[in-house]
Amino acid sequence: MEVELKISAPILLPRDIIVIVGSYGSGKSEVAVNLARHLQLSQTEPVSIADLDIVNPYFRSREAIKVLNKLKVRSIVPEGGQFYADLPIILPSIKGAIENKQGKLILDVGGDDAGAKVLSSLTDAFRPDGYDMLMVINANRPFTSNMAGCIKMMNQIEAASRLKFTGLISNTHLMEHTTSETIELGLKLCGEVSGETSLPVRFVSAEQRVISTMNIEQIGHPVLVLDRLLLKPWEKPGQT
Amino acid sequence: MTKVLMKGNEAIAEAAIKAGCRAYFCYPITPQSEVAEYMAKRMPEVDGVFLQGESEVGVGNMLFGAAATGRRVFSTSSSPGISLMQESISYMAGAQLPVVLVNIMRGGPGLGGILPAQSDYFQSVKGGGHGDYRLLVLAPSTIQEAVDLMMLSFHLADKYRNPVMMIGDGMIGQMMEPVEFPDKYEEPPLPDKPWALTGAAGRKAQVVKSLFLDPIMLEKNSWLLHEKYEQMKLNETRFELYKVNPKNEILIISYGTMARICQTAIDELEEHGISVGLFRPVSLFPFPEQQLLKAATQKGVKAVLTVEMSTAQMHEDVQRIVMGKTPTEFFGRTGGVVPSPQEVIDQVMGLLDKYPGKKKAQHSASKSKKAQGK
Numbered sequence: 001m002e003v004e005l006k007i008s009a010p011i012l013l014p015r016d017i018i019v020i021v022g023s024y025g026s027g028k029s030e031v032a033v034n035l036a037r038h039l040q041l042s043q044t045e046p047v048s049i050a051d052l053d054i055v056n057p058y059f060r061s062r063e064a065i066k067v068l069n070k071l072k073v074r075s076i077v078p079e080g081g082q083f084y085a086d087l088p089i090i091l092p093s094i095k096g097a098i099e100n101k102q103g104k105l106i107l108d109v110g111g112d113d114a115g116a117k118v119l120s121s122l123t124d125a126f127r128p129d130g131y132d133m134l135m136v137i138n139a140n141r142p143f144t145s146n147m148a149g150c151i152k153m154m155n156q157i158e159a160a161s162r163l164k165f166t167g168l169i170s171n172t173h174l175m176e177h178t179t180s181e182t183i184e185l186g187l188k189l190c191g192e193v194s195g196e197t198s199l200p201v202r203f204v205s206a207e208q209r210v211i212s213t214m215n216i217e218q219i220g221h222p223v224l225v226l227d228r229l230l231l232k233p234w235e236k237p238g239q240t
Numbered sequence: 241m242t243k244v245l246m247k248g249n250e251a252i253a254e255a256a257i258k259a260g261c262r263a264y265f266c267y268p269i270t271p272q273s274e275v276a277e278y279m280a281k282r283m284p285e286v287d288g289v290f291l292q293g294e295s296e297v298g299v300g301n302m303l304f305g306a307a308a309t310g311r312r313v314f315s316t317s318s319s320p321g322i323s324l325m326q327e328s329i330s331y332m333a334g335a336q337l338p339v340v341l342v343n344i345m346r347g348g349p350g351l352g353g354i355l356p357a358q359s360d361y362f363q364s365v366k367g368g369g370h371g372d373y374r375l376l377v378l379a380p381s382t383i384q385e386a387v388d389l390m391m392l393s394f395h396l397a398d399k400y401r402n403p404v405m406m407i408g409d410g411m412i413g414q415m416m417e418p419v420e421f422p423d424k425y426e427e428p429p430l431p432d433k434p435w436a437l438t439g440a441a442g443r444k445a446q447v448v449k450s451l452f453l454d455p456i457m458l459e460k461n462s463w464l465l466h467e468k469y470e471q472m473k474l475n476e477t478r479f480e481l482y483k484v485n486p487k488n489e490i491l492i493i494s495y496g497t498m499a500r501i502c503q504t505a506i507d508e509l510e511e512h513g514i515s516v517g518l519f520r521p522v523s524l525f526p527f528p529e530q531q532l533l534k535a536a537t538q539k540g541v542k543a544v545l546t547v548e549m550s551t552a553q554m555h556e557d558v559q560r561i562v563m564g565k566t567p568t569e570f571f572g573r574t575g576g577v578v579p580s581p582q583e584v585i586d587q588v589m590g591l592l593d594k595y596p597g598k599k600k601a602q603h604s605a606s607k608s609k610k611a612q613g614k
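These protein sequence lines map, in sequence, to chains A and B. Just so you know, the first sequence maps onto residues 1 to 240 in our numbering. Just so you know, the second sequence maps onto residues 241 to 614 in our numbering.
Check the hints yourself; a few may be wrong.
[What the hints assert, rightly or not] Here are some chain A residues pointing at chain B (derived, C-beta under 8 Å):
(1) P57
(2) D86
(3) L174
(4) P233
(5) W234
Calculated from the structure, these hints are not laboratory results. We put the CB at the ideal spot given by N, CA and C, even for glycine.
Bound-form chain A, shown alone (with noise of 0.2 Å):
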């Protein structure tokens, strides 16, 4: 992973407040609990993940807590019972968080403009320079499998959640099924909409099975390589 991260360019993330919206299912939670885990391990300002996915109830960023507790990240998710609630809990660490923020702020999102709803709560708290918005995109996913798509979720997503974006992800994949042809389906997908939006691509985010099998300058873009944390009961880690 190491040798991936050092040929790829580095990822750029200047801002603090670091916001991963997308459709539901385009892969935000294991992108962000990556990001979390790589800044943590790539620079020096303390991070911290916060997970505001109130739509979803399986499958959130809170599920890999004791990997990111073990990597001194530090997670904003509700404790006790409501852990595993699917009940709209917006804590108020996490605006205190936004706030008063110490190093990068990862915020885990909803899907869909209904998951990203929870920010307008938020808003008041983000300075309009003090964030980075991010959409996951996952060409593969029903609702964003074309650039229309796409920018119908982004527009539903900025008028849900009053914020900006500033940016793109490129997380297209099939699971264990992705090959690099996946990768490039969803690269050529990202291009469209960052022509049409004027919005970069950040990174691209994919499993190292399947980047040591790509040409990283090819690419054209900062990838970051993704360990899937988020397994279903069945999957060992490393498996796929």
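Based on these hints, arrange chain B on the given structure of chain A.
The following block gives chain B in isolation, referenced to the frame of chain A:
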């Protein structure tokens, strides 16, 4: 057609549309609400109807009315919602109406929790509502299988004029996997629907009902239903075997995603030289009884282990079918707790200790000797 990445709930919804369903009624409940969200987006695109009921009781009656027109109708819910629909399910079975239902099961009883469970086996397989009726019950273990069984459910509902229910634990609804859909759902020819209420112009008015005040007529209807269930037993048993072979020391019986956890355990046990087979019923009613009995009574099998996310519901059927010819044991977690592959391995190792047979294997796969079965 190419593969797409879908959440189980979305895939179930799309499969229903592919099977020709244009009428969907639902009241949202975790962990199946994405079916309704997807249908809200997709039904207008295909000239279909999605109506949200005021409760699952209302939804059940909407289904009854819509099914009486002979069109393909559908609803999804999760455990407490399915409980609320039981009255109309019994009515639809009594009135011989084809309808397709999906239960994405969560932990119960009562309001319970929102995490995965398989504790609605009795409710699905043994009735749930009142009267002499059965549902045809199917249980997928992957999203692709959920798609395939979903489309098949509509066919079987029409074929038998009976409600068909597909059940999956919460993970089937929530997890994402790549799936493929056929461009067009191909199915064998089905009989016409002369019973359907399509407007009485040019013919005598007819009634669809489950009310038979004359006991002889009611009894006749119940035996007619019974005959259909016997036909299902002959024609519709479905199951899958995984690594079932003459070397098996233990046979695991498990369905749905729980079976996949057992597969991971079986693979690991195999690496330690311990041969375990998996019998996975796909149809829970009709249950593949003869096939299970055959696998359970293979010569080397020392014990049969049922693994469920419940406190031993399917296990009662396993005991009934195996009839003591092989020892039957149970392991389960419930309430939303999903057993790990290691827990299943520990159970198998415990059984090999309990039923040593001729030669005792080296038990290096066991991390904890403590039996965790309840």
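Taking the hints in turn, this is what the structure says about them:
1. P57: 5 Å, holds
2. D86: 5 Å, holds
3. L174: 5 Å, holds
4. P233: At about 5 Å, which falls below the 8 Å cut-off, the nearest Cβ of chain B leaves the hint on A:P233 intact, so it holds.
5. W234: For A:W234, the interface hint holds, since the closest Cβ of chain B sits about 4 Å away, which is under 8 Å.
In summary, the structure agrees with every hint in the numbered list given earlier.
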